[in-house]
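Chains as they are written, first to last, in my numbering: chain Z, 5 to 285; chain V, 190 to 408.
FYI, nobody ran anything at the bench for these hints, they're computed from the structure. Some hints here could point you the wrong way.
[To be verified] Computed list of chain V residues with no C-beta within reach of chain Z, every gap over 12 Å:
1) Gly-197
2) Pro-344
3) Ala-362
[Claimed, not checked] Output of the computed footprint for chain Z on chain V, the stretches with three or more beta carbons under 8 Å from beta carbons of chain Z:
4) 240-251
5) 257-269
Beta carbons are placed, not taken as given, at the ideal position from N, Cα and C, and that holds for glycine.
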Amino acid sequence: MEYSLSSLIDAAEGIGLAEAARQNEMKYNEISQAEIDEKMREALDVMRQSAQRGFDPKMHSMSGMTGGQAYKLQQAVQAGITAGGGFLGRASARALAIAECNAAMGKIVAAPTAGACGILPAALLTAQEEYGLSDETLIDGLIVAGAVGEVIAARASISGAQGGCQAECGSAAAMAAAALVYIRGGSAKQCADACAFALMNVMGLVCDPVHGLVEVPCVYRNASGVAGALVAADLALAGIPSPLPPDEVIDAMKAVGEQLPPSLRETGEGGCASCPSCKRA
Amino acid sequence: MNLFDIIGPVMIGPSSSHTAGAARIGRVARQLLGEKPVKALVSFHGSFEKTYQGHGTDRAVAGGLMDMSVDDERLRRSLKLAGEEGLHITFQPVHLRDAHPNTVVIDVTGESGRRIVVQAASIGGGRIRVQSIDGIEVGFSGDKTTLVIRHTDAPGAIATVTQLLSNARINIATMRVFRREAGGQAIMAIALDAMPDDKLLDSLKHLPNVTDVTLLKQI
Ligand code: SF4
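Please build the complete structure, drawing on both the sequences and the hints.
Below you can see the structure in the form of structure tokens.
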């Protein structure tokens, strides 16, 4: 099977991207439609639970480095004292909550990885709240995101150790951007454009977990990742075409990942992890 | 690759390699032991050694040894639960030569006194590779239902096993054989397309040259 966004766009002709992605899964992976929908529904349930748990102000990780921050952001958004307004605030608080839930050994859905698990559910659940969408629509969004993620994983990488954080939080943002465009009624081409915008906007983002733990900067990157997904989706929904072919952007991301030195690929040596104050701790 | 590799797995955080993979390794050790464990010495190498507390790798391995799956909410409390269930676990650092950075060695003893030593690595995305069993170098993933058969290296030992599988119409997906030395202890790791029943497992156990048969369920 050829993994490309351009072939996905072709396949979506007349049936839409979610249906095209479903048919691809059934054809190449011998999974039934019922199995796909059931597993996605289960994933959606776990996503919802993890978002709820993550807002517990008393929750914290094993190391104590993270936890309880999503609650603070949620309170600030509700109090109207943030700069980004309602939708952005609620989406980033949710992404932070899910990522903090992950750091505290809570149950999450890797999407595409555990480190970046907050971005896609935050985008979908907040859109549901804002636009009154059904769970079925959200499941279509998950399937679109999954199809985009498969293309990125096949052409480039979704692992921080291989491709840096652009491959984890970047890919999650690209998947979320495509899903948002889909559920807001955009075309398959606009979904691909949103994916391209999301990736080009974080091209080169390094993987630099402090003390080697999936906490700092990871949980905060989930919050900014969903913000990036929203911007990328809006650009595409406005009809702004990606200036670069989306598949080429994915390939460029892969090449950048290969050029990153090991110190910036999950070893906890460079970037944020190299700040003198965390070395002392 | 399929959709569920991207939207999934459902797991206990924070890390697919350091938590989910570690839990799977613990569970493989449990299945290879085949009984309730009472004592375990768990040695962490490399990145596992540096970050095991922060990633809950210790809890994950302990949970796996108690047969918990990667999405079992009890993983977080597994160390406490181990104490309650009479499983005594000790963790220690180890430096292995030429080992994958996420490697763990589990030396576990069961209630009957049966003991096994398993070395395995978590190789990314929650996937694992079993590297040795009781000092015999092996190399299999456990992604599929896998028969692990210990036998004495002898002519025909492998043929009798594959014959029984073939009689039961069970297709072999992949098969590898490992041995310590010619004529010595050896291990077959056979990934299967279908699940063998108890009767078949029993006949495998009674084959000449076969000393032990374990079925690793897909985990
Ligand atoms: S910094 Fe590294 S470990 Fe943290 S989310 Fe990004 S890719 Fe994952």
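Hint by hint, here is what the structure shows:
{"no.": "1", "hint": "Gly-197", "verdict": "violated, 6 Å"}
{"no.": "2", "hint": "Pro-344", "verdict": "holds, 39 Å"}
{"no.": "3", "hint": "Ala-362", "verdict": "holds, 15 Å"}
{"no.": "4", "hint": "240-251", "verdict": "holds (count 6)"}
{"no.": "5", "hint": "257-269", "verdict": "holds (count 4)"}
In this structure, only the earlier hint numbered 1 is contradicted, and the remaining ones agree with it.
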